[in-house]
Each structure stands twice: as C-alpha cells, then as structure tokens.
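A.B. asks: Sequence:
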Amino acid sequence: MGAAEPDLYRDTWVRYLGYANEVGESFRPLVPVPVVWASYGVASAYVTADAIDKGRKAATVSVTSSPHPQLLLPITDPPLSHQAHAQDPAKATRVGVAVVDTFVWQSLASVAIPGFTINRLCAASLALLGALTRWPLPVRRWTTTALGLATIPIIITPIDRSVDFLMDSSLRKLYRTPGEPPTPH
1 MGAAEPDLYR
11 DTWVRYLGYA
21 NEVGESFRPL
31 VPVPVVWASY
41 GVASAYVTAD
51 AIDKGRKAAT
61 VSVTSSPHPQ
71 LLLPITDPPL
81 SHQAHAQDPA
91 KATRVGVAVV
101 DTFVWQSLAS
111 VAIPGFTINR
121 LCAASLALLG
131 ALTRWPLPVR
141 RWTTTALGLA
151 TIPIIITPID
161 RSVDFLMDSS
171 LRKLYRTPGE
181 PPTPH
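Last residue of the sequence shown? That's 185 in full-length UniProt numbering, and every number before it is there in order.
Don't read these hints as lab results, they were simulated from the structure.
Among these hints, one or two may not hold up.
[Claimed, not checked] Below 20 Å or equal to it, Euclidean Cα-Cα: the simulated SDA-like pairs (lysine to any residue) are:
| id | residue 1 | residue 2 |
| --- | --- | --- |
| 1 | LYS91 | LEU129 |
| 2 | LYS173 | THR93 |
| 3 | LYS173 | VAL97 |
| 4 | LYS57 | ALA90 |
Sequences are here, hints too, so could you generate the full structure?
C.D. replies: Written as structure tokens, this is what we have:
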C-alpha cells in the first residue's frame, strides 16, 4: 500500500499563502493600506486555486456500487473533457459540491474570519497601548504587529472548528454530504 500523495494546498508550504491576509492585517500599522489589500489578493488566490484543485480531483474520482452503501470506493478515472460532465450529471454535481464546499470553507476559515479577528485585535491593541502607555508611536505599532503575528497560530484551530460546525449545520445539509471539511493541516 503506497502512501497518499501530499495535497499541494494542504500539506506543503503553499498552505501558508492562505495566511497572507492575517500577516497583512498584523502589519497594517506599519505598511501602506495597498500592501494589506495585496495580502488579501494572495490569500484569495490561494483559496481559489485550492477550490479549483478540489474540483479537478472530484472530476477524476468515480464512486462504485458497494454492498454497504456507507462504504463508497473511489476509483481514479482518466482525465475528462468538459463534455464528460454533461454526460454524467452526478460527476458534475460532485465537482460543483467540491468546488463550492472548498471555496466557502476556505473563504471563511482562511480569509474572512481570521482577517477580521486580527484586524480588530490589532486595532484594539494599538488604541489600548496609546491610552495606557507613553510608548512612542513606532514602538506601539511594532508591538501591535508582534501581537497580531503571535495571535495567528492561536486562532487557527478554533476558527477552523467553528467553520466546520457552521458549514455542517447549514450549507452541507443542502447537499447532504456532511463529513470531513477541508483541513488546513
């Protein structure tokens, strides 16, 4: 039995591109706003590329019948043309679900929620440091940036699990495939 091929978007250094906006938000007190927005562009490109990758993988997997319906056996098919999806609506649905599920999950767990969290944390810390200390502005800005960067690894797992719960409780009920969400690990 061979080891599974590593997922480029989840098991390699490429995964860290999904954290670009959190790094950008941490550096917001020190860099021009367009740099922060560019970090969102990098993170959004990562999310889009991962969703496309999961759609392509879903297109190359077919499910065979099993005497036990809960045991579905994936079989890798040769690459398909766009016309093949029209001939196999189940495959088109599987691809669509994979793309939508990955895109929504990654958008929430890798971009929107952590970006908002780091943004608000850094804004609050900069304001508090200004009100409670007499540190010079550059020291307060660097302290805020360091706090934002240090917070990133702490917030990842709680946000991921919350998005899992949110999607299992809502969107995934629509397409009846609750289960393992895209994991960033």
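A.B. asks: Run through the hints listed earlier and report the numbers of any the structure violates, in increasing order.
C.D. replies: When the structure is compared with the hints, only number 1 turns out to be violated.
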